[in-house]
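Visitor: Chains A and B supply the protein sequences, listed in that same order. The letter at position 73 of the first sequence is residue 73 when you use this note's numbering, and the numbering goes up by one with no holes. Convert by adding 1000 to the 1-based position in the second sequence; the result is the number in this note's numbering.
It is possible that part of the hints are untrue.
No more than 30 Å apart at the CA atoms, straight line, and that leaves these computed lysine-lysine pairs for DSBU-like [as the list claims (entries may be wrong)]:
hint: 1; chain 1: B; residue 1: K1018; chain 2: A; residue 2: K71
hint: 2; chain 1: A; residue 1: K68; chain 2: A; residue 2: K94
hint: 3; chain 1: A; residue 1: K42; chain 2: B; residue 2: K1018
hint: 4; chain 1: B; residue 1: K1022; chain 2: A; residue 2: K42
hint: 5; chain 1: B; residue 1: K1038; chain 2: A; residue 2: K94
Calculated directly from the structure, the hints in this document are not laboratory data. Keep in mind that this is a model prediction, so the values were computed, not measured.
The residues making up each chain are set out below.
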Amino acid sequence: GESVGLHLPTLSVQEGDNSIINCAYSNSASDYFIWYKQESGKGPQFIIDIRSNMDKRQGQRVTVLLNKTVKHLSLQIAATQPGDSAVYFCAEPKGEAGGGADGLTFGKGTHLIIQP
Amino acid sequence: DTEVTQTPKHLVMGMTNKKSLKCEQHMGHRAMYWYKQKAKKPPELMFVYSYEKLSINESVPSRFSPECPNSSLLNLHLHALQPEDSALYLCASSQSDRVSNTEAFFGQGTRLTVV
């Protein structure tokens, strides 16, 4: 079955530095991945997504890299700011490709702490 | 409007109470979801509604009863809950076509405490 997991539960970085959050998945047929940010007391907020036909996708200060060979994806946040402090989850759709809405399976999450 | 609105934000209920959580979206999404999130854990899927029909029930106990009155509203009826059901309950919505985009928009959640 599919599983999405994270390597580090907590990551502490200095403000202004870059951060990298990693995620591993087990299902080689997985074709779509999403990164969510969840601030304390709030619901998850979409950051960026990537499909399996891409290796890299960039947004504003964020980049997601997908390595299908080793079933690994990462979220890079450039020039971190205090507002980046949150828990970050990778997620993928449940169910088989081509199906309807199946909900998401989330990884365990990484708590990113930005030090002043 | 890209919001999913959940009410109430906080709820404390006794084990013999009946209460309901409400969720609303006006993005035209035809898929809506309930997730449960315990502290320091990821959200876990409970139910999926697609075109107002229940399509997935992740083996959720019957003391949780979902309802989708129309395409914009989703309810979760609670009855005879246990203290271990205390959690953050998240509602989400998305386009129902998985092939195009399954980005889900989440509400702020209802913080439920069962006493």
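Visitor: Evaluate each hint against the coordinates.
Guide: Quick rundown of the hints versus the structure:
1. B:K1018 / A:K71: violated (45 Å)
2. A:K68 / A:K94: Status holds; Cα separation ~18 Å.
3. A:K42 / B:K1018: holds (25 Å)
4. B:K1022 / A:K42: Answer holds: K1022 (chain B) to K42 (chain A) is near 16 Å, not above 30 Å.
5. B:K1038 / A:K94: It holds: about 20 Å lies between the C-alpha atoms, which stays within 30 Å.
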